[in-house]
Amino acid sequence: MTLALRGALWLVVYLAAVIAPLFFMIVGDPPPARGFWMELSAALGFVGLAMLGLQFVTTSRFGPISAPYGLDLVLKFHIQISYVAFAFLLIHPIILTVITPLGSALIELDPTAVEADGVTGILALGFVFLIIVTSVWREKLGLHYELWRILHGLLGLAIIVMSVWHIYLANYYTDGPIRLAIWIAMSLVLIGMYANVRLIRPWQQLRRPWILESLEQQPGDTWQLKLRADGHDGMQFEPGQFAWITIDQSPFGIREHPFSFSSSAERGDLVSFGVKELGDFTSTIGEYEPGTRAYLDGPYGAFSYERNEAPGFVFVVGGIGITPVMSMLKTMADRGDQRPLKLLYANPSWDQVAFVDELEELSDQLDLEIVHVLEEPPEDWDGETGMVTPEILERHLPAGEQRHEYFICGPDPMMDAVEQALHDRGIPGDKVNLERFDFV
Amino acid sequence: MRHTMVTWLVVTTGVVAALAAVVFALLANAV
Numbered sequence: 021m022t023l024a025l026r027g028a029l030w031l032v033v034y035l036a037a038v039i040a041p042l043f044f045m046i047v048g049d050p051p052p053a054r055g056f057w058m059e060l061s062a063a064l065g066f067v068g069l070a071m072l073g074l075q076f077v078t079t080s081r082f083g084p085i086s087a088p089y090g091l092d093l094v095l096k097f098h099i100q101i102s103y104v105a106f107a108f109l110l111i112h113p114i115i116l117t118v119i120t121p122l123g124s125a126l127i128e129l130d131p132t133a134v135e136a137d138g139v140t141g142i143l144a145l146g147f148v149f150l151i152i153v154t155s156v157w158r159e160k161l162g163l164h165y166e167l168w169r170i171l172h173g174l175l176g177l178a179i180i181v182m183s184v185w186h187i188y189l190a191n192y193y194t195d196g197p198i199r200l201a202i203w204i205a206m207s208l209v210l211i212g213m214y215a216n217v218r219l220i221r222p223w224q225q226l227r228r229p230w231i232l233e234s235l236e237q238q239p240g241d242t243w244q245l246k247l248r249a250d251g252h253d254g255m256q257f258e259p260g261q262f263a264w265i266t267i268d269q270s271p272f273g274i275r276e277h278p279f280s281f282s283s284s285a286e287r288g289d290l291v292s293f294g295v296k297e298l299g300d301f302t303s304t305i306g307e308y309e310p311g312t313r314a315y316l317d318g319p320y321g322a323f324s325y326e327r328n329e330a331p332g333f334v335f336v337v338g339g340i341g342i343t344p345v346m347s348m349l350k351t352m353a354d355r356g357d358q359r360p361l362k363l364l365y366a367n368p369s370w371d372q373v374a375f376v377d378e379l380e381e382l383s384d385q386l387d388l389e390i391v392h393v394l395e396e397p398p399e400d401w402d403g404e405t406g407m408v409t410p411e412i413l414e415r416h417l418p419a420g421e422q423r424h425e426y427f428i429c430g431p432d433p434m435m436d437a438v439e440q441a442l443h444d445r446g447i448p449g450d451k452v453n454l455e456r457f458d459f460v
Numbered sequence: 047m048r049h050t051m052v053t054w055l056v057v058t059t060g061v062v063a064a065l066a067a068v069v070f071a072l073l074a075n076a077v
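These protein sequences, in sequence, are chains A and B.
Count along the first sequence from 1, then add 20; that gives the number in my numbering.
Count along the second sequence from 1, then add 46; that gives the number in my numbering.
Careful, some of the hints might be misleading.
Taking lysine to any residue and the SDA-like style, the derived pairs with C-alpha atoms no more than 20 Å apart in a straight line are [what the hints assert, rightly or not]: (1) A:K451 with B:L73; (2) A:K362 with A:A441; (3) A:K362 with A:L382; (4) A:K451 with B:T53; (5) A:K451 with B:W54; (6) A:K451 with B:M51; (7) A:K160 with A:A178.
Under 7 Å between C-beta atoms, here's a sample of chain A residues computed to sit facing chain B [said to hold, decoys possible]: (8) L42; (9) L219; (10) A441.
A few chain A residues that face chain B, going by a derived Cβ cut-off under 7 Å, partial list only [as the list claims (entries may be wrong)]: (11) L29; (12) V33; (13) L35; (14) A37; (15) I39; (16) A40; (17) F56; (18) E59; (19) L60; (20) L93; (21) K96; (22) F97; (23) Q100; (24) I101; (25) V104.
Calculated directly from the structure, the hints in this document are not laboratory data.
The model shown is predicted, which means the values in this text are computed figures rather than measured ones.
Using N, Cα and C, we set each Cβ at its ideal position, and we do this for glycine too.
Start from the sequences, fold in the hints, and give me the full structure.
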């Protein structure tokens, strides 16, 4: 089955899972209906809750789901669908407020009139609001990534517990053994998905440890982290993909971070990653000693030339965005690939250009042309300067540009500008591949 | 473009789910 077909199939399964609770509510011997608005409110509550429950699935890093789309897209879906779920869950009590005595009591702010199921519902909704706010404004709130992940997990769990309690107290659609069995089975699937990330995958990683072989400092506050498989055959990955790394800590710990492979996919037992010092964990990366134990969860991502075959490739990258492209170039060199390649590589200044020597070597082995673009060039610079503009693309895009595949990776503003410029040049959208590093 | 696709998937999911809720409410009261 092709990846596109599998992707479409998973979407249908997702939609079915979202709507499934509605079917379960009326299966068997349903309770009497309470009017259109009351039932609509209940339905929206159940559908919103199903979406929230499925959030455990979209972050479960379940291979068959993330493979067709790429984990970055799955996580983007995870973020955006949470707004939809929140809207549904918000409309649920609003309708009740307008049409029921319980709602009227809420309006008059009489706490004694709010029954227990109302309290659990309000709490669940409050937790949903909190989980969104702490995620969207994590950096503005000064929340460290590790702390945020713990908080995110706890709030997620609190929402589910509070919502299930709310449904139980409301006691309208949970009657009968069939309905109860279905609710328990659905809850168990969700718990299983969560256990996959937190228990099963770490357990698998524990049996496949890695050793830090070397840490090499590159210009531009960048480190190249090289890991050697310890007693196993390593990891098969596609060039351009990424993995979650846990270093000097148990894989059951919370301190794991996603980084792109920078090494050739032909060597699964000796892998490298490019890491830029940006704060948090990345600023202390240089402190680890060779020999330190590490664990990998992966590979993930769909930013790979292997998935997008073409007669030639164009890479437009900024700063640390070079990392996945290094992996693709090295793999192509190892495989003796002689298709035409163009690399537009943007950096603030020449002394911040990472992997300069390796790129020079690669251009000898490949049909590769490198165009450096510097914001602040040295005085004797006769190359491209400023940002990657449509004019720069015009000067350097190869003949037959419509048939090439494009890979863009770097800061968001650069990616947006280049994507727009390529669109304006008539490059088909499905030939433009983007990798955003800020998806978590 | 892949990222625009996600937004479409989210919108489609939201619309289908909302319609399903309306159909449910109508059916529940019709039975």
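Now the hints, each set against the structure:
1. A:K451 with B:L73: violated (45 Å)
2. A:K362 with A:A441: Holds: K362 (chain A) and A441 (chain A) sit about 17 Å apart, inside 20 Å.
3. A:K362 with A:L382: holds (12 Å)
4. A:K451 with B:T53: holds (19 Å)
5. A:K451 with B:W54: holds (19 Å)
6. A:K451 with B:M51: Roughly 14 Å separates the two Cα atoms, so the pair holds.
7. A:K160 with A:A178: violated (24 Å)
8. L42: Holds, because the Cβ-Cβ distance from L42 (chain A) to chain B comes to roughly 4 Å (cut-off 7 Å).
9. L219: This hint is violated: L219 (chain A) lies away from chain B, its Cβ roughly 29 Å from the closest one there, beyond 7 Å.
10. A441: violated (13 Å)
11. L29: violated (13 Å)
12. V33: Constraint on V33 (chain A) not satisfied, violated at 12 Å.
13. L35: holds (6 Å)
14. A37: Given a least distance of 11 Å, the restraint on A37 (chain A) is violated.
15. I39: OK, holds: I39 (chain A) within 7 Å of chain B, min 5 Å.
16. A40: This interface hint is violated because 10 Å lies over the 7 Å limit.
17. F56: holds (5 Å)
18. E59: holds (4 Å)
19. L60: holds (4 Å)
20. L93: holds (5 Å)
21. K96: Hint holds; K96 (chain A) Cβ to chain B Cβ min 5 Å, cut 7 Å.
22. F97: holds (5 Å)
23. Q100: holds (4 Å)
24. I101: Holds: closest Cβ of chain B sits about 5 Å from I101 (chain A), inside 7 Å.
25. V104: holds (4 Å)
Of the numbered hints given earlier, the model fails hints 1, 7, 9, 10, 11, 12, 14, 16; all others are met.
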